[in-house]
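These protein sequence lines map, in sequence, to chains A and B. Throughout the first sequence, residue numbering follows our numbering, covering 7 to 120 in sequence. Throughout the second sequence, residue numbering follows our numbering, covering 9 to 122 in sequence.
Read the hints as simulated data drawn from the structure, not as lab findings. Among the clues, some could well be false.
[As the list claims (entries may be wrong)] Result set (BS3-like, lysine-lysine): computed pairs, CA atoms no more than 30 Å apart in a straight line:
| # | chain 1 | residue 1 | chain 2 | residue 2 |
| --- | --- | --- | --- | --- |
| 1 | B | Lys22 | A | Lys112 |
| 2 | A | Lys74 | A | Lys64 |
| 3 | B | Lys65 | A | Lys55 |
| 4 | A | Lys112 | B | Lys19 |
| 5 | A | Lys55 | A | Lys75 |
| 6 | B | Lys22 | A | Lys75 |
| 7 | B | Lys86 | A | Lys112 |
In case you want the letters, here they are:
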Amino acid sequence: AQSVTQLGSHVSVSEGALVLLRCNYSSSVPPYLFWYVQYPNQGLQLLLKYTSAATLVKGINGFEAEFKKSETSFHLTKPSAHMSDAAEYFCAVIIPYGNNRLAFGKGNQVVVIP
Amino acid sequence: GAGVSQSPRYKVAKRGQDVALRCDPISGHVSLFWYQQALGQGPEFLTYFQNEAQLDKSGLPSDRFFAERPEGSVSTLKIQRTQQEDSAVYLCASSSREGTYEQYFGPGTRLTVT
């Protein structure tokens with residue numbers, strides 16, 4: 007079964023600094039990968055997705071992620087953190103033409119320090 | 009257009025009570041998913057419908073959990089004889105058939121069992 011690992015439950019970043027959230031996946035077949043953001047008391051909003059096209063994926067709010075098969079990684083970055091980026095971020099994996107279920111990591115709570 | 013809606017947003021139940029959680033997917037979306045999100049964790053898959061057919065219920069934690077989608081649109085997740093360990097946020101997501109595997113999430117129902 008597919009799975010993802012996100013290390014470091016809480017991530018603190020200074021306003022204006024680089025945001026880097028790490029995601030490593032495990033899958034027996036080429037997966038599709040997603041990053042979601044969750045604001046307090048809200049559902050999950052899709053930030054970006056990798057579906058076997060370009061390996062560098064750009065999403066909303068200035069975020070991007072790069073799929074690296076050799077490293078089984080899909081790390082999320084943003085060059086300059088904004089206060090509004092404070093939220094919880096989840097990496098998720100799905101097997102195309104497989105079981106249709108998203109498997110999520112435990113999430114990263116991002117705190118932006120002014 | 010409207011997104012995925014869920015009701016109620018908050019539910020407090022005494023241990024042993026039955027509860028019913030409702031999900032209205034995006035109009036026209038054939039796939040519907042339920043996930044359970046415990047405090048501080050990522051969402052965990054519960055069950056999946058394609059139209060009215062429940063194709064995967066392997067994530068339901070016990071036979072006290074039951075989901076239905078009788079007309080292929082609105083879905084209800086029912087939990088019988090609630091236990092404290094059922095306390096969580098229950099997320100519903102829907103997806104179109106086009107194969108992007110992009111799931112759109114509702115705001116969730118926060119269930120607290122006392």
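Evaluated hints:
1. Lys22(B) with Lys112(A): holds (28 Å)
2. Lys74(A) with Lys64(A): holds (15 Å)
3. Lys65(B) with Lys55(A): It holds: about 26 Å lies between the C-alpha atoms, which stays within 30 Å.
4. Lys112(A) with Lys19(B): holds (24 Å)
5. Lys55(A) with Lys75(A): Roughly 15 Å separates the two Cα atoms, so the pair holds.
6. Lys22(B) with Lys75(A): violated (48 Å)
7. Lys86(B) with Lys112(A): holds (25 Å)
Against the hints set out earlier in the document, a violation occurs for number 6 only.
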